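Fit chain D to the given chain Z structure using the hints.
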Amino acid sequence: MSLALIAALPFLGALLPGLMIRAGKNACALVTGSVTALALLMLGLNAPAVLRGEVVQTRIEWIPSLGLNANFFLDGLGLLFAGLILGIGLLIILYARFYLAKSDPMGQFYTYLMLFQGAMVGIVLSDNILLLLVFWELTSLSSFLLIGYWKHLPEGRQGARMALTVTGGGGLAMIAGMLILGNIAGSYDLSVILQNKEAIQASDWYLPALILILLGCFTKSAQFPFHFWLPHAMAAPTPVSAYLHSATMVKAGLFLMARMWPVLSGTPEWFYIVATTGLITMVMAAKIALFKDDLKALLAFSTVSHLGLITMLLGFGTAEAATVAVFHIINHATFKAALFMSAGIVDHEAHTRDLKRLGGLRTLMPITFTIVTIASLSMAGIPPLNGFLSKELMLEEAAHTAWMANPWLIGVLATIGALFSVAYSFRFIAHAFLGPVRSDYPAKPHDPGFGLWAAPALLACLVILIGLFPMLTAAWLVNAAASAVTGAPVAVKITHWHGLYAPALWMSLAAIGGGLMALGLHPRLMALWTATPRPEAKRIFDGLMEPFATLAGRIANGLHDGALTRYIAIGTLAIAAVCYYAFDTGTHAIGTRDLMPVPPVPALGWLSLVLATLAIVIFHRNRLLTLVLVGIVGLMVSVGFAYFSAPDLALTQISVEVATIILMLLALNFLPKATPVESAPLRRTWDGAIAVIAGVGIAALAYALMTRDPAFQAISDFHITNSKPGGGGTNIVNVILVDFRGYDTFGEIIVLGIAALVIFALTEALLRAGPANDRLLAWKPDQRRAGDRHPMMLVVATRVILPIALMVGFFIFLRGHNEPGGGFIAGLIVAIALVMQYMASGFAWTAARQKVDYHALIACGVLIAAATGIGAWFNGLPFLTSAFGYFTIWPLEEFELATALLFDIGVFLTVLGAVMLALASLSRIGLRAGETVNTQPFDIDPSEGRTLNSEEAR
Amino acid sequence: MMSHWIAAPVLLPAIMGALIVLLMRNDLLLQRVFSLVASFALLAVSLALLIAASTEAPEVYRLGDWPAPFGIVLVLDRLSAMMVLLTAVLAVCVLLYTIGTNWDARGRHFHALFQFQLMGICGAFLTGDAFNLFVFFEVLLIASYGLMIHAGGKDRLRAGVQYVAFNLVGSSLFLFALAAIYSITGTLNIADLAVKAAALSEGDAALFRVAAVMLMMVFAIKGALVPLQFWLPGTYSNAPGPVAALFAVMTKIGAYSVIRFGVLVLPPSHPITGTLIADLMLPAALLTLIIGALGILGATTLSRLAAFAAVASMGTAFIAISAFTPASISAALYYIVHSTLAGAALFLIVDLVVDRRAHDSLRDALPPIAQAGLISALFMVSAIATAGMPPLSGFIGKLLVLDALRDSAALIWSVILVTSLIMIVGFARAGSTLFWKAHASAPEGDAPHHPAQALAFVAVGLLLAGLVGLTVLAGPVIDWIEGTSAGLFDTSAYINANQLPEVK
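In the order they appear, the protein sequences are chains Z and D. Position 703 (the first sequence) corresponds to 703 in my numbering; numbering is contiguous. Position 433 (the second sequence) corresponds to 433 in my numbering; numbering is contiguous.
The shape of chain Z in the complex, shown without the other chains (with noise of 0.2 Å):
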């Protein structure tokens, strides 16, 4: 428990600063630390038991089956690397809470830091990979709040989003890697990885993995050519790159090299890739660190030098090289991170951070002074401090390794590496602190107060004394990481002198004088380095991003652009298409049916339609024409269906027609009458063949499903069988309606309520204050209104007819389930009666007369049809069991009573509110519109000879 606990700690910390905030900035600070602190303590309580060669381990299952489970182990190398991060952390946390300036958010800060400090503790501390990648792509987000901390600052919000895409592409793609290796394995956890070395080595998907792997390590570490982010990363307050950008995060990279060493190291590829990235990363920032002014910027390419140091360290794939590179890591983690600091305290003081506009510091910011010389010295590799200790370390190695047969380029090019780094090293030193007092700094720099210099202060005694005592100081620590890297015991010996004979001591020298001699010619250099034009990462980075934003937008709203021609267009053509492919991939039989013989009066149905149907397409800009020729197709349908002994179809489908194309003429009323011309007729013709396709595409599955038998006997045989003994009605259609598909109907009768409801409150929606309203209210009628809107006559035949009308709706009603009718002929029946005492009289004046609520219609049809399911509960029945008994009243013959007849009044009213809600709506919006509401049932009274209805009444 307790190391899952070390690495929880900090997230539970991060909780704490955004509340502690509110006690005052000393508070949040000292609390914040104390998190760390314990974290630290019980890191350190773990330390001894480490130090004896223990492996500590905590396991807690989380995903068994994916093998992600909460397994934290802690090593030489975890605890070095932990140590580093709580340590620093803790040091990090002092120096913020005085370099922040008072408009910073500091509890933000302070959370943000929490939460990347425990995703680097979590990563060095799991004995598992794919709890290791959730650590890994945390840092990258924590990261990104941090570096883009300054919300203001355009570089921040870049230079955050630049260094998430690399690093996160790199984590992405290191799942890939870390999903192989477990696969070779046979498992996710380190412990079991570590122990598979020929295995990993032999598969054959060791080159991908390895590719995979050291993706994530070199975006992460900053290696060539994924460098460029960490410069743009220091925007953010410095103490987050003394921090992130030095001591710890850009270390996960070499971390997880180190920690993958036993297995993946000790391979042609492994050398080749990862020496050689390291190599050429540690010349070329530390060539560009010297000719950088800004000092932030300087310390970033020579954090990346460094880096590429110890990855080229960890790609030797000797033991000696990884000892050496654990060694780099502790001092470089030291020196560096004091730098940041002090170029931190600079900027902070002096206002500025351009060398050009430095020098002269010594006498002002005596302190700051010693910390930096002493910190520079261990950059530079000059004796006895800690960085010359692992510098000449490294070169003896560079000097004893071979790249391709070739035996002294890793050493001349490591001694280039050391020039540079001995050159730019004194130039920060030199160009900001010596020479001349100036008189224009941007403020006047003195020393800051303890809190500020004390982190750094410290890190600079550690210099020294690692430098002095390195067997005392380090050594053990160096032994117990460097064992846990490369799987064997490691005793080192650590000397100032390795004699007259060793190759890194004349190295050195070389690169101490040839780095004096560049500092010399700085000025010259750096006139070259202007002069020579050189790729700048930033603008390739930008050069290639904003490109591929602007195209994916393009694809994506190109695509996407709401021309739904084209979106039905292209789906129909892939549903075409794709039934092609499917036909004629698999093997067809002919059908066996014989077809009917076609008599005259049939064809001419037939022909009626079709002809309709060309209108339509020839006419469709009239609209008024299309909905009588769509009245013509379903005429013609409805004679289909009745031809075809379908009588319960044709009259659905006939009281459907004519109660929509009501409606639909009156919706007319309020629409221009002709659609206007959109497309050209390349385009109609285009759509055209696609329309074309998908018709033949559906007559001929019609034609070849008609034509043939099915393979088995139909369920329609048992609802044939049992139509009149289990559901008491002997019309087939109705009892499938209500009773064995009663709850298909169920279903409709909602959708057509619910369909009733949005037309209503579109209406309202409409009808509230904004441009449609308006619209309304200034509508003139487009056409010539009738002299005689509500003629006497069609009262008077409306009146007479509707007493008619109801009988008929109820006789429908009542002999669906036996005879061809049924509830929802019967509501449609009844509907178009009433519709017609509207179209007589007027809406307004007609409902002034029934005041019936068409919404109470809707909801108690569904209420009762779900009632009348509901009551077979009562008697141990599933919802929708019908009952039904026979019964006989005098003088009545025997007739039947059935549940069905419940759930077809249901069904009624459902219809019939939903057809009326739509026609009220629809007279909602002619009222807006200026229709006047009649104060008589007829405007002209024949016996009078005048006018009833004034057009002025609203």
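I should point out that these hints are in silico values taken from the structure, not numbers from a laboratory. As the structure is a computational prediction, the values presented were derived from the model and not from experiment. We put the CB at the ideal spot given by N, CA and C, even for glycine. You may find that some hints are simply not true.
[Unchecked claim] In silico DMTMM-like pairs for lysine to aspartate or glutamate, Cα to Cα no more than 25 Å straight-line: (1) D/154 <-> Z/782; (2) Z/724 <-> D/65; (3) Z/197 <-> D/407; (4) Z/25 <-> Z/447; (5) Z/151 <-> Z/349; (6) Z/444 <-> Z/782; (7) D/437 <-> Z/546.
[As the list claims (entries may be wrong)] Taking CB as the label site, the calculated pair distances span: (8) D/410 <-> Z/489: 32 to 42 Å; (9) Z/783 <-> D/418: 56 to 66 Å; (10) D/355 <-> Z/449: 43 to 53 Å; (11) D/355 <-> Z/852: 37 to 47 Å; (12) D/418 <-> Z/594: 51 to 61 Å; (13) D/367 <-> Z/437: 37 to 47 Å; (14) Z/774 <-> D/158: 17 to 27 Å; (15) D/105 <-> Z/684: 40 to 50 Å.
[Claimed, not checked] According to the in silico footprint, chain Z covers these stretches of chain D (three or more CB under 8 Å from chain Z): (16) 4-17; (17) 144-151; (18) 179-190; (19) 231-238; (20) 383-390.
Using the frame of chain Z, we list chain D on its own:
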């Protein structure tokens, strides 16, 4: 034991919807109370059903007491129980948000339509009958149209027309497919279909293949699979925020149906359809993911970004589904649960932002919004979840998908991982414009004002808490889902539950 409770997730919202229309249509407070009560009741019922389904074999509810395949049956198995529960959880959160932001006051009948929508969704998940599935597709289509155009407005109405028009193409196709299937096999019950489809003769192969792909393409339209995804971005980005959040589960109905039919009726081992479905689905799913990711990166408005994120999530889900193995289906199911919650949370957060900004564009920075700190944190969390970054469930889901598809790793892994990067960049750009760049253009002085809307934040918080729960409890959740997946592939359990008559 026949339990009437199986029908409750359909009947409860249906009756409540009707009651709201009948009794409460003029009082918003009443509607809110009862809509919320009904949603919590649905949550309780679906939780009980899930517990029942976890331990028992699939259970069939014979509507009208007619035996399958002649009547309609509801089938409760672990998969349907899970989807219904997911719907109920989402419904409660979305409803709380709607009430908290007063969205329901901006038009009529929100709560009635909301309940009917729930009825449609639950009905689709529970039915064991192909035609009944069509009916419920219609219920949820018309209800979702009503919700989508809630509160009106020109752009929304236009997008609504496109939504309905495209989905009516789907409805027609569904009818064609059902007609073809019924004409070939003579049945509509899904279990019966599974039995009979496997016994079809060679001569029926071509037509049955056509019917099969037609049916699957209907579901692909619902699930926004390329090239049938066109309706989604416009619809989701123009729908009211909470409605778009509820729609997060609508695309999953497509995925659910594909899984249901793809495993039970048209498995890759099917003598006639074979790997036809899987072969067509994989490239389409990869393209869907790519289009979604490109859309996130190139989004012009925040709403469209969220809409394309929905497209991308369906791409990932369909990639996993297309392998049709127990492992890949478990991965898909976990991812579906995750992406429903994450997608809904994202849409709600987008709504919070849009409501506080003068416009929705991502091109221009605007001054900081009210409650920016909290909203930006929520946005970050939901972006991490949606893009599939650690540590949230999106990452676990993605790992599961990658792990399940290791056999064709090179192509699938590259697409999934590269699109992840594109999505991360897209979200980072959007977030930095919205929440960081705002400070560069901030006028000094008055802080922006906006009502606090605690309930809305609670709703978003609940969804995100769901994601955290899905992450922390990933072990047991995935165990349960693997059981579900294994149960699905044991098709005999589902078929036996239907008690089909002996074939003569």
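Here is what the structure says about each hint:
{"no.": "1", "hint": "D/154 <-> Z/782", "verdict": "holds (23 Å)"}
{"no.": "2", "hint": "Z/724 <-> D/65", "verdict": "holds (16 Å)"}
{"no.": "3", "hint": "Z/197 <-> D/407", "verdict": "holds (23 Å)"}
{"no.": "4", "hint": "Z/25 <-> Z/447", "verdict": "holds (22 Å)"}
{"no.": "5", "hint": "Z/151 <-> Z/349", "verdict": "holds (22 Å)"}
{"no.": "6", "hint": "Z/444 <-> Z/782", "verdict": "violated (81 Å)"}
{"no.": "7", "hint": "D/437 <-> Z/546", "verdict": "holds (17 Å)"}
{"no.": "8", "hint": "D/410 <-> Z/489: 32 to 42 Å", "verdict": "holds (41 Å)"}
{"no.": "9", "hint": "Z/783 <-> D/418: 56 to 66 Å", "verdict": "holds (60 Å)"}
{"no.": "10", "hint": "D/355 <-> Z/449: 43 to 53 Å", "verdict": "holds (46 Å)"}
{"no.": "11", "hint": "D/355 <-> Z/852: 37 to 47 Å", "verdict": "holds (39 Å)"}
{"no.": "12", "hint": "D/418 <-> Z/594: 51 to 61 Å", "verdict": "holds (58 Å)"}
{"no.": "13", "hint": "D/367 <-> Z/437: 37 to 47 Å", "verdict": "holds (44 Å)"}
{"no.": "14", "hint": "Z/774 <-> D/158: 17 to 27 Å", "verdict": "holds (18 Å)"}
{"no.": "15", "hint": "D/105 <-> Z/684: 40 to 50 Å", "verdict": "holds (45 Å)"}
{"no.": "16", "hint": "4-17", "verdict": "holds (count 6)"}
{"no.": "17", "hint": "144-151", "verdict": "holds (count 5)"}
{"no.": "18", "hint": "179-190", "verdict": "holds (count 10)"}
{"no.": "19", "hint": "231-238", "verdict": "holds (count 3)"}
{"no.": "20", "hint": "383-390", "verdict": "holds (count 3)"}
Figure legend: structure checked against the earlier numbered hints; the only hint not met is number 6.
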